[in-house]
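Heads up, the final residue of the sequence shown is numbered 183 in this note's numbering, and it's a clean run with no missing numbers.
Certain hints may be false.
Here are the simulated lysine-lysine pairs, DSS-like style, with alpha carbons at most 27 Å apart [unchecked claim]:
no. : residue 1 : residue 2
1   : Lys166    : Lys146
2   : Lys131    : Lys65
3   : Lys52     : Lys146
4   : Lys122    : Lys146
5   : Lys122    : Lys65
6   : Lys166    : Lys122
7   : Lys166    : Lys65
8   : Lys166    : Lys125
9   : Lys125    : Lys146
10  : Lys52     : Lys131
11  : Lys52     : Lys166
12  : Lys52     : Lys65
What follows is a set of in silico ranges between Cβ atoms, one per label pair, in the way DEER data are often shown [claimed, not checked]:
no. : residue 1 : residue 2 : range
13  : Pro67     : Glu137    : 30 to 40 Å
14  : Trp117    : Gly153    : 41 to 51 Å
15  : Asp109    : Gly153    : 16 to 26 Å
16  : Val60     : Asp141    : 32 to 42 Å
17  : Ser144    : Val54     : 41 to 51 Å
18  : Thr68     : Asp141    : 29 to 39 Å
19  : Thr56     : Val85     : 37 to 47 Å
20  : Lys65     : Arg136    : 24 to 34 Å
21  : Thr56     : Gly153    : 37 to 47 Å
22  : Arg59     : Arg155    : 34 to 44 Å
23  : Ala126    : Arg155    : 15 to 25 Å
24  : Lys146    : Ala123    : 17 to 27 Å
Read the hints as simulated data drawn from the structure, not as lab findings. Just so you know, these numbers come straight off a predicted model, no measurement behind them. In this text, a Cβ means the ideal position worked out from N, Cα and C, and glycines have one as well.
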Amino acid sequence: MRPFVRTLLTTLALAVVPLAANAQTLYKSVGTDGRVVYSDKPPTTGAVEKTMKLENLPVSVVPGAGPAPKTATPDTPQIAAPRGDVVLYMATWCGYCKAAKAYLASKGIAYRELDIDTPSGKAAFSQLGARGVPVLLTNGQKIAGFTPQAYDAVLMARR
Numbered sequence: 025m026r027p028f029v030r031t032l033l034t035t036l037a038l039a040v041v042p043l044a045a046n047a048q049t050l051y052k053s054v055g056t057d058g059r060v061v062y063s064d065k066p067p068t069t070g071a072v073e074k075t076m077k078l079e080n081l082p083v084s085v086v087p088g089a090g091p092a093p094k095t096a097t098p099d100t101p102q103i104a105a106p107r108g109d110v111v112l113y114m115a116t117w118c119g120y121c122k123a124a125k126a127y128l129a130s131k132g133i134a135y136r137e138l139d140i141d142t143p144s145g146k147a148a149f150s151q152l153g154a155r156g157v158p159v160l161l162t163n164g165q166k167i168a169g170f171t172p173q174a175y176d177a178v179l180m181a182r183r
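Can you build the whole structure from these sequences, using the hints too?
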C-alpha cells in the first residue's frame, strides 16, 4: 500500500472515532532535534503534530464479557502490568490478537501473554472489565483492541 493511501486511511479512521471525555489521549510531536516523540502529556515546547484518542479500536468480542466484579479473590492474577512490562490478553481464535502478536514480535518487544480461554487468563480478563480481545497493558495504560498506530504510540511513549 502506498504511503499516501495509508496516511489517508489512518487519518480518516482517526477522524471517525468518536471523542469520549474519558478516552486516553496521546500527543505526537517533533522535538527540536527532529526526533518524533509520543506522550500522554502535551509537549512543553514545540507544537503538537497529531493528537490521538485510543478508543474504539478493533476487537474480537468475547461472549459473556462484561464489567469486572467488585472484589477480587486471593487466587485471581494481578491485572496491572508492572512498570515497564507489557501484558497481552489474547485468545487463539482472535485474528486481531494474532496481528497484535505479530506486531510485538516484529518490533522485538517482550511481553507476557494471557490466554483468556485458560482458567487463570479468564479470571484475570474478567477483572479488566473489557468486552473483547486483544487488550494490552503497559505502564498503567490499557489499550483494548489493536491497530499498529495505537500500539506504536503507546509503546514508543514507554521508551
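Here is what the structure says about each hint:
1. Lys166 with Lys146: Holds. Lys166 to Lys146 sits at ~17 Å (cutoff 27 Å).
2. Lys131 with Lys65: Holds. Lys131 to Lys65 sits at ~24 Å (cutoff 27 Å).
3. Lys52 with Lys146: Violated, at about 35 Å.
4. Lys122 with Lys146: Answer holds: Lys122 to Lys146 is near 18 Å, not above 27 Å.
5. Lys122 with Lys65: violated, 30 Å
6. Lys166 with Lys122: holds, 18 Å
7. Lys166 with Lys65: Since the Cα atoms of Lys166 and Lys65 sit roughly 16 Å apart, the hinted pair holds (cutoff 27 Å).
8. Lys166 with Lys125: holds, 16 Å
9. Lys125 with Lys146: Holds: Lys125 and Lys146 sit about 19 Å apart, inside 27 Å.
10. Lys52 with Lys131: Measuring from Cα to Cα gives roughly 19 Å; hence the hint holds.
11. Lys52 with Lys166: Satisfied, since the Cα-Cα distance of roughly 18 Å is no more than 27 Å.
12. Lys52 with Lys65: holds, 10 Å
13. Pro67 with Glu137: 30 to 40 Å: holds, 34 Å
14. Trp117 with Gly153: 41 to 51 Å: violated, 21 Å
15. Asp109 with Gly153: 16 to 26 Å: holds, 20 Å
16. Val60 with Asp141: 32 to 42 Å: Because 37 Å falls inside the window, the suggested range holds.
17. Ser144 with Val54: 41 to 51 Å: For Ser144 and Val54 the Cβ distance comes to about 43 Å; the hint holds.
18. Thr68 with Asp141: 29 to 39 Å: violated, 45 Å
19. Thr56 with Val85: 37 to 47 Å: Once the Cβ atoms are compared, 44 Å apart, the range 37 to 47 Å for Val85 and Thr56 holds.
20. Lys65 with Arg136: 24 to 34 Å: holds, 27 Å
21. Thr56 with Gly153: 37 to 47 Å: holds, 41 Å
22. Arg59 with Arg155: 34 to 44 Å: The hinted range 34 to 44 Å holds for Arg59 and Arg155, with Cβ atoms some 36 Å apart.
23. Ala126 with Arg155: 15 to 25 Å: holds, 23 Å
24. Lys146 with Ala123: 17 to 27 Å: Holds - the Cβ-Cβ distance for Lys146 and Ala123, about 22 Å, lies within 17 to 27 Å.
In terms of the numbered hints stated before, the structure departs from hints 3, 5, 14 and 18, listed from lowest to highest.
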